[in-house]
Amino acid sequence: MYGGGNIFDELKADGVELEDPVKLEAFEARIRRGEKIEPSDWMPQLYRKQLIRMIEQHANSEIIGALPEGTWITRAPGFKRKMALMAKVQDEVGHAQLLYSAAETLGKPREKMIEDLINGKSKYSNVFNYPTFTWADCCFISWLVDAGAIVNQLANVKGSYGPYCRALDRICAEESFHLKYGHHCVIYLATGSQLQRQMFQEALTRWWAPMMHFFGPSDKISMHTEILMKWKVKMGTNDDMRNQFLDMYVPKIWELGFTLPDRNLKKDTQTGRWIYTEPDWEEFKRVINGGGPCNKERLEVRRIAEERGRWVRQALKSPKTNYVTPLA
Amino acid sequence: MSEIALKELLYKMADDQLILGHRNSEWTGMGPLLEEDIAFSSMAQDKVGQSLALYTLLLQLGEHEPDTVAFTRDAQQFHNCILVELPNGEYDFSLIRHFLFDTAEALRFQMLANSSYEPLAQLARKIRGELRYHTLHANIWINQLGSATEESTGRLQRSLEFALPYALGAFEESAYETELISSGIFIGEKMLKDQWVTQIETILQTTNLRIPDWKLIQPVFGGRAGHHSIHLSLLLEEMSEVFRIDPGAEW
Amino acid sequence: MGAPSFEITQDKLRYSFGLINRMTIPPALNSLDPRVHRLPITGEPGPLVPLAPLDQFGTFEVFVQPKDGKPFQHEGIVHAPNLKMAYVLAKETFTRRFTCISMYVVETRNVMVSPMSEGDMNAYDLIDEESVSYNVGEKTRYEIYHLMKRGKQQVHVGSVEASHPQEAFVEAKQMLNSEKAVHNIWAIRTRDIQFTSPEEKDLWLTLPEKKFRDAMEYRGGEKLKQFLEDRKRHPRYE
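Protein chains in written order, with the working numbering: chain A, 1 to 328; chain B, 329 to 579; chain C, 580 to 817.
No wet-lab data here; the hints were simulated from the structure. Predicted model, so just to flag it, every value in this text is computed and none were measured. We put the CB at the ideal spot given by N, CA and C, even for glycine. Among the hints, a few may not be true.
Covered stretches of chain A, going by a simulated chain B footprint (3 or more residues, C-beta under 8 Å) [said to hold, decoys possible]:
no.: 1; region: 85 to 91
no.: 2; region: 96 to 102
no.: 3; region: 287 to 297
no.: 4; region: 301 to 313
In silico DSS-like links for lysine-lysine, alpha-carbon gap of 30 Å or less [stated by the list, open to error]:
no.: 5; chain 1: A; residue 1: 80; chain 2: B; residue 2: 335
no.: 6; chain 1: C; residue 1: 759; chain 2: A; residue 2: 23
no.: 7; chain 1: A; residue 1: 252; chain 2: C; residue 2: 790
no.: 8; chain 1: A; residue 1: 23; chain 2: C; residue 2: 731
no.: 9; chain 1: C; residue 1: 802; chain 2: A; residue 2: 266
With the rest of the complex left out, here is chain A (with noise of 0.2 Å):
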């Protein structure tokens, strides 16, 4: 799960005018037909690199985003959400796996991937970096912030690039059951104690400003989107993807009987879009720059995790065996 499609880095177009004009004319028409690009196709090299980029970071999402739920895993209440959270978390790990294989078909090493992410050099998804103070805070996860990473999935899988939509497939799939456990753990927490109720009151007003900031900047304020989506690599605006969120969502949380802190939100009925109160762009660039409650957390974690599995991973190295680029 992610937020997916905004590259949080300002993107620059250039070198597209130093590609072989009829290898990328090729190129375009491939995409334009809808057929997938696949590992042994040319490819300029600004295709290959955002793409890297983005699925890069999409990759780091999932790893990253697997704390924030799996501190819950051993405090879940009951076998049912035990289990289902183990193999949820789980499931992020694993998507992780297929995403990080679907960028080395690009040409970019698993443990290069890893170590610019430990460093600082490529992002993940700022939503991760808040902290779940309450099981209810874990079930907002499971359930919103799912369900805005399958809103910029099932946008994805139309993409162009054939090893992401194929890992995108299997995310999907593997995404119904996390969106109804998170729904099924809200619906519970909402028609359950006063308690119960309240506990996720307090997360959802927490944790709507993040929420609203996961579909990146506001279209007015992002850059260069035009020769991404002309390639599909990104397959909608940040604001689309916001607005169908909203018009799914917010609803749905609505009918619980829970309230959102923005006064101004609502549907447009005449055009159809949400109205909201502009959320912090400055706040949002502040955070993913590192000024979250738990981005040095997050890495740290993940930085000692590499650090203290090192000897299993030198023990099993063999020069028989060496790296190769994965075929698709």
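Starting from the known structure of chain A, fit chains B and C onto it as the hints suggest.
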């Protein structure tokens, strides 16, 4: 058939599975290798699922609901062996524990596939595939890491020597041992332990690890009677943290 | 609304510490997450020291048979130190969900790949039979896979006997070519593959029963409906 003897057997098995499954789940998201993280988590889920199946057999024998039994009992009411409650330590300890415990568990269920208590025999036969994977995984990891580098062999050796007294504690005999054997429910801890020793040695022989002198190892008993280390109460406090907010609530 | 309430305040930390301050291992990180709080101090905090060389494992392709009678299909890759470990790891990475009755793995380096065809062309037509030398050595079995559409995955179609990979492609062209255009062909020497033995098929015995991972188990519709009806009758949640 002595119902107390049967229930005691079921409780200790269920408690072993639950506590070890819980411990192993602590590695999810923090494993040494993505694919191994996934594999270890699957096995943890299997164990928790198996504990649920065993608590469900107990429910059918008149005990309380599995959630109540698992999430509200105190440490001294648990009958797991101390081995499974110990903290995870580094991956070498977790792997050694996985190897020692899962080998015993697979043998135990193999024996129970012929139990006179039909529901237990059925369960044992049903989960044989899961146990096959657990032992396949453990054996391959111990074999490969135990013959790799000085560091990996050294770490595994130290963990092995630390864990063995606790592992032997898993075979602590029940007060109802003779009844279990005579009624055909289970052929007993002694038989299990003997087969386990043979199996452990077979795998260790394929590595550079030193096989212990069994005569010199003192088993750490007590878990089966509810005498646990401090680690179990800390584990249970964490495990039941949300549940205890409102034990009557539905989550 | 007031200030963002994600601050990790003293009383939140105190509560967590009440739970975990009896741990004897000194914490690496002050965290509300008990697992993280327990993590041992490892290495130096901060950026990872570059690993030289990268301890990257080899690559292995994974094939899954979803049901009896259906062919094996390529699913993806695992990184592993060797073939046996790749099998053990692939089992959970690729067959822990959905349906599966068998699986096998092979090192990526042992997968021979034909060129990818364009448009309606058949990739078999790109194979130049003239340039291939036959009966160069002992014949051995090769498994053959077809990609029938870009975007899909390789599916097993049969096996041939050949003394080297190029010859295997030619044999496959003669014996396994289809009327519909094949976009890409893979050939793998059978003995390079780590298969599932008949006894090992037990590994997937309980897979269909893992209901706790099915969306179907989490239908909250009834509870929700009841709640909405109650709300209409007694609007107390305002």
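Verification of the hints:
| no. | hint | in the structure |
| --- | --- | --- |
| 1 | 85 to 91 | holds (count 4) |
| 2 | 96 to 102 | holds (count 3) |
| 3 | 287 to 297 | violated (count 0) |
| 4 | 301 to 313 | holds (count 9) |
| 5 | A:80 <-> B:335 | holds, 23 Å |
| 6 | C:759 <-> A:23 | holds, 27 Å |
| 7 | A:252 <-> C:790 | holds, 26 Å |
| 8 | A:23 <-> C:731 | holds, 24 Å |
| 9 | C:802 <-> A:266 | holds, 27 Å |
Violated hint for the displayed structure: number 3, the only one.
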